[in-house]
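Those protein sequences? They're chains A and B, same order as listed. Residue numbers for the first sequence follow the numbering used here, beginning at 1 and rising by one. Residue numbers for the second sequence follow the numbering used here, beginning at 1 and rising by one.
Hints are computed from structural coordinates only; laboratory data are not their basis. Hints may be right or wrong, so weigh each one.
[To be verified] Only pairs whose alpha carbons sit at most 16 Å apart, straight line, appear in this in silico EDC-like list of lysine to aspartate or glutamate:
{"no.": "1", "chain 1": "B", "residue 1": "Lys-162", "chain 2": "A", "residue 2": "Asp-98"}
{"no.": "2", "chain 1": "A", "residue 1": "Lys-165", "chain 2": "B", "residue 2": "Asp-98"}
{"no.": "3", "chain 1": "A", "residue 1": "Lys-304", "chain 2": "A", "residue 2": "Glu-137"}
[Said to hold, decoys possible] Sample of chain B residues facing chain A (criterion: CB under 10 Å; computed from the structure):
{"no.": "4", "residue": "Cys-93"}
{"no.": "5", "residue": "Gly-241"}
{"no.": "6", "residue": "Gly-285"}
As the structure is a prediction and not an experimental result, all values here were calculated from the model. Glycine included, every Cβ here is placed at the ideal spot set by N, Cα and C.
Number of protein chains: 2
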Amino acid sequence: MRGTMLYGPRDIRFEERPEPTIVKPTDAIIRLSATCICGSDLWPYRGIANFAELPTPMGHEYCGIVEEVGNEVSNIKPGQFVVGSFAASDNTCVICHDGYQSSCVQREFMSTAQAPILRVPLADGTLVATRDLPPKELIPSLLATSDVLGTGWFAADAANVKPGKTAVVVGDGAVGLLAVLSAKQMGAERIIAMSRHEARQKLAREFGATDIVTERGDEGIARIKEMTKGIGADSVLECVGTQESMMQAIRSTRAGGFVSYVGVPHGVQLDGTELFFAEVHLHGGPAPVRRYLPDLINLVLNEKFNPGKVFDLTLPLDQVAEGYRAMDERRAIKTLLRP
Amino acid sequence: MRGTMLYGPRDIRFEERPEPTIVKPTDAIIRLSATCICGSDLWPYRGIANFAELPTPMGHEYCGIVEEVGNEVSNIKPGQFVVGSFAASDNTCVICHDGYQSSCVQREFMSTAQAPILRVPLADGTLVATRDLPPKELIPSLLATSDVLGTGWFAADAANVKPGKTAVVVGDGAVGLLAVLSAKQMGAERIIAMSRHEARQKLAREFGATDIVTERGDEGIARIKEMTKGIGADSVLECVGTQESMMQAIRSTRAGGFVSYVGVPHGVQLDGTELFFAEVHLHGGPAPVRRYLPDLINLVLNEKFNPGKVFDLTLPLDQVAEGYRAMDERRAIKTLLRP
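Only chain A is shown next, with the shape it has when bound in the complex:
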C-alpha cells in the first residue's frame, strides 16, 4: 500500500509503505473509510516541531471497517464500522476509568492514519463500533469525532461551559469551530468566536456563535471585557497553542472562571504570579476523546449536528500533499482524504 510520510518542512510524500499487520494480540487492522489532516500536523509540516527521526509517517484521525483482530480482542469484530481516538488506550486502567484515556498508562499516540489501512493498538479499549454500517453521508461527521470534534468537545467541557453562561473561543481552526459547536450543544447562552477570516466566521455562526470578535491580543481582551460588563467571560476555550492565544484566553476570563487549552502548546510559558492573581481554573491537554466517543457518535448518527461541515476540502488520499498545502495556506479549514 501507499502511505503518507513527512520528509521535512513542507515535504509530504505519498509512497510505498509496508502494509500493517497484527503485531500484538490486542491489535486490530482496519480499512479506512476516511482519514484527514489535523491542525497539529501543520506544526511539523512547517518545521516548527522537530521529529527525532525523519521521514516520519503522518495521520491520527480515522474511521473504517475492521479487517482483522488479534486473538485477545473480544469486543471488536471484523466487518464492524469503528471510530477510534488519536490516542490508543486500554480503557481499563485507573486513569481511563477516571475519563482520561488520552493519558492511559498504556497510551500510544496514533501516527500512521493517512493511509488506506491502519493498525490500531489496544483495539478493545480504543475503538467504538456502530451497531450498523453508517450511511456514507455521515462518514465525514463520524471521522470528525475521532479527534477534531472530540477535542473541541473537551475544550468546552474542560472550560465548564454551562447553560446560560458566556463562552469565548480563541482560534478559528477546525478545533475552534467545533468548540463553538460543542459550546452550543452544552447550552452556552452567548458564544463569542474570535476570528478575522470570513469563511470561518460564517461557519462559526452556523455552528452557534452569537458574536464574532475580530480583534486580537490586548484589543481582543479589551473587546471581551467590554462585552462582559468589564469582568471577562465565564469560559474561555483556547484552541491554538501559542503564547499570544494562551494569554488572550487567560486575560479574557473572569476571576473564578475557566480556561481550557487543547492546542498543543508551542513555546508557551505561563507566569505564576499573573496566573495566581487571574484566579482562573486552567485545564487542558490531549483531549480524552475516548470518553466522549460513544455519545458523540450517537449524536452524529441521530443527526443532532453536523460536525463534518468542518471539512471544506475533500481529496483522494494520493493528493494528500495538496491537502497539506491548502491548509497551510489557509485555503482550506480541514482536508478530508478518501482512500
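Model the placement of chain B on the given structure of chain A, informed by the hints.
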C-alpha cells in the same frame, strides 16, 4: 497608637502611627482581639518582594470587636465580635456572588492589621459577626479563619479533595498544615504531608496526615508515585509558591487530577507543553476566604477542630519584631500577637 512597619529587609519597627478613623461610609473600625504574622509577610521581610514605598505598614489577619461603623454600614454593629478576610470585598458583585470575593471588583488587600486598631473597608461585605462574644480560648482558632485556615481550606477545595481520595500537601508552613486539617475535614482517605521538620510533622499528623514524606524535588515526586501505584495523587495542594514546590506539585499529580496553589508565587514559570501533557487541573490564587468564613467560624465555635494550634508562639504585639525573627528562623510555625 503604635503599629507595625517594615523599613527594609529584616527591619520591623513597632512605632507611633495615626489611629485609624472612618474614611468612607462603608468602613468599620475594630479593636483587635488578636492579630498575627503570615508566611507571606516573610517575603518582603526577607527583601524578596519589593514594595514601591518603604516603610510600609504590615498585617492582614485580624479579629476583634467593632468600635465604630460608617453610616452606610448596616449589617455590622459596634460591640460585635467579627472576623474578616485579608481581602476586603463588597460581597455583592458578580465575582463575589460566584464565590471569588478575593477578586471582588472593589477588592482592597488589608495591610495595617499588626496594630491594636484597624480600619476595615467594605465592612458589610468583608466582616462576619458571631452571635455572641466568643470565649477567649477560641480566639486563636477564630483568628486563623481570617487567612491561614481559609487559605488551607481553599487549597483543599480547589484541589477537589473528596472522601476516599489521596491528597498530597506540599509545604509544611502554617498554610500547609491547615491544608492537611482541611483535607481531613473534607474526608480525604490518605493525606501525605511533605515535611522534613519534626515539630511540623507532628502537628501534621495531629491534623490528620496519614503519611509523611521527607524527600523533595525529583525524589519527593518519585516517592509520591511509589505510594500511588505509579500514577500520582488525585489532589496536590501547593502551599509554598516557589518554582520547585510548584513543579513538585504538578509532577506528583495523576493525569486528570487536581493541583491547587495558594502560596503567592515568586519567580514561578510554567512550561505550557509540560502542563499540557501532565493533563492536570490547575487552580489557585488569593484564597476567597470570605466564601468559607461563616462555615469555618461555625466549625470553630462548635469545636469541631482546633486550627489555632498552628500558633506555636504568642507574643505581646509590641514584640512583633521577635515574632518575625522566630518565623524567619523557623523557630516558630506562626506567631500570634496580642495587642
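Hint by hint, here is what the structure shows:
Proposed proximity of Lys-162 of chain B and Asp-98 of chain A is supported: the alpha carbons are some 14 Å apart, at most 16 Å. Straight-line distance between C-alpha atoms of Lys-165 of chain A and Asp-98 of chain B comes to about 12 Å, which keeps the hinted pair within the 16 Å bound. The hinted pair formed by Lys-304 of chain A and Glu-137 of chain A meets the criterion: a straight-line CA distance of about 14 Å does not exceed 16 Å. Hint status for Cys-93 of chain B relative to chain A: holds, with the closest Cβ pair at about 8 Å, below 10 Å.
For the restraint placing Gly-241 of chain B at the interface with chain A, the shortest Cβ-Cβ distance is roughly 8 Å, inside the 10 Å limit, so the hint holds. Proximity of Gly-285 of chain B to chain A holds as hinted, the smallest CB-CB distance being about 3 Å (cut-off 10 Å).
Consistency note: the structure conflicts with none of the earlier hints.
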